[in-house]
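S.K.: Sequence:
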Amino acid sequence: MNRKQEGLKRGVGVLGLSANIINIIVGSGIFVLPAVVASYMGASSIIAYLFCGLLMAMIMLCFAEVGSKVTNTGGPYTYIETAFGDYAGFIAGIFAIGSNLFADAAVSNALVNIIGSAYPIFAEGWPRFLFLFILFYGMVFINVIGLKQGIGLVKFNTMIKLIPLLLLIIIGFKDVSFSNLYIENMPSMKTLGETSLILFFAFQGCETGIIVGGEVINPKQTIPRGILISLSVVVILYVLIQTVSQGVLGADLPNFKAAPLAETAKVVMGSFGYTLLIIGAVVSMFGYMSGTILNSPRIVYALSRDNVIPLKALSKIHKSFATPYIAIIAYATIGFILAISGSFEQLAVIASSSMLLLYLGVALTVIKLRKSQKDLDDGFKIPGGFLVPVLAIGIIIYFLSNLGKNEIIVTALFIVLLSIVFLLIKSQQKRKA
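Using our numbering, the letters of the sequence shown map in sequence onto residues 6 to 438.
Read the hints as simulated data drawn from the structure, not as lab findings. Misleading hints may appear alongside valid ones.
Unchecked claim - Under the rule of at most 27 Å between Cα atoms (straight-line distance), these lysine-lysine pairs were calculated in the DSS-like manner:
#  : residue 1 : residue 2
1  : K195      : K410
2  : K431      : K321
3  : K431      : K317
4  : K376      : K386
5  : K373      : K431
6  : K262      : K195
7  : K262      : K179
8  : K373      : K225
9  : K376      : K225
10 : K321      : K435
11 : K373      : K386
12 : K386      : K225
13 : K376      : K317
14 : K271      : K179
15 : K435      : K317
With the hints as constraints, model all of the structure from the sequences given.
M.R.: Here's what the structure looks like:
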């Protein structure tokens, strides 16, 4: 389904989309992840990566099918709104925006904290405020002046963040002790499930990377190709990183939860390697920020475009740059306020569960759109009938079942609050009509 083109330019190809997705998925988490996973599963950690990659592939195939059919800007919001209407779209859109905003605030704080540890002047006060201001509004400037510049920055960041990781893999293999990779006992399903629940969040990001669907060249082919290429690259990269880290540090790996890759690099390349991986972590966080501020404001734009939120200014396109400039500025401003307030930690659970609910909505969208087939263009179709979306739904429900009682209550209350807001908006629109 393709609404009348909104004035946005289609300039993102397979390479740009794949880089965009990889840039967001391979965030700061991979720089600490190997130690956490090893603490659960030891030498059998690689199995968890393969298992979680397979589970995530089921969900991403759903994104590939829906993304090739619903080709407008907005990502999961647009998909769910197309299938289930304004109410579901409103809930999905707010959840997507909120989850990304809190993640942006967290990553930006982690970034300034790392820099502050090296240069204490940035640790607090006005220098910290100024750093965050320049970070957010520098990203705004780049993304307002054009999609080409925004995607160009994403491609650059993706390449730069991957270089230290690839160097660690290539150089590190010479120091791998295969005795450290020997699996004495296979993990239980319970242990595998608990570990995969953590890893699941490390694979998130594809849904943000495809928000630029309205600006993708030949989306019917580009979107599924971009998703499958990026997910394959991420799984292979994660497995190789875990193999080298585990092979070099062995049983000591769980002891370096703060910076396991930097510690591995210190063994492999000395102090230079340690510094390189610390810089890599900084670049990775910066890359994540550049990716989300490129993509996430498109959800704000799409909600305004479809009149789901009654602020038409947010759907304005810049006459010269052809970008949703007001949405970009508004999104970054809220993210900046959250970052300087530091009050977002208690909402991290809502952000995580909301992403799972978004995935559930997209999997259900595949089934709904296949049954209706109404006004849909031909596009990519997952082989095997309804098997993959049904498996994806089962996987998501399994992960949601692991949420605590308080987390479920808070999420339910948040949905109730959003429902009330939606009804008030609709009531106001009817009165104006």
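S.K.: Hint by hint, note whether the structure agrees.
M.R.: Consistency of the hints with the structure:
{"no.": "1", "hint": "K195 to K410", "verdict": "20 Å, holds"}
{"no.": "2", "hint": "K431 to K321", "verdict": "21 Å, holds"}
{"no.": "3", "hint": "K431 to K317", "verdict": "15 Å, holds"}
{"no.": "4", "hint": "K376 to K386", "verdict": "13 Å, holds"}
{"no.": "5", "hint": "K373 to K431", "verdict": "24 Å, holds"}
{"no.": "6", "hint": "K262 to K195", "verdict": "23 Å, holds"}
{"no.": "7", "hint": "K262 to K179", "verdict": "23 Å, holds"}
{"no.": "8", "hint": "K373 to K225", "verdict": "19 Å, holds"}
{"no.": "9", "hint": "K376 to K225", "verdict": "19 Å, holds"}
{"no.": "10", "hint": "K321 to K435", "verdict": "23 Å, holds"}
{"no.": "11", "hint": "K373 to K386", "verdict": "14 Å, holds"}
{"no.": "12", "hint": "K386 to K225", "verdict": "10 Å, holds"}
{"no.": "13", "hint": "K376 to K317", "verdict": "33 Å, violated"}
{"no.": "14", "hint": "K271 to K179", "verdict": "14 Å, holds"}
{"no.": "15", "hint": "K435 to K317", "verdict": "16 Å, holds"}
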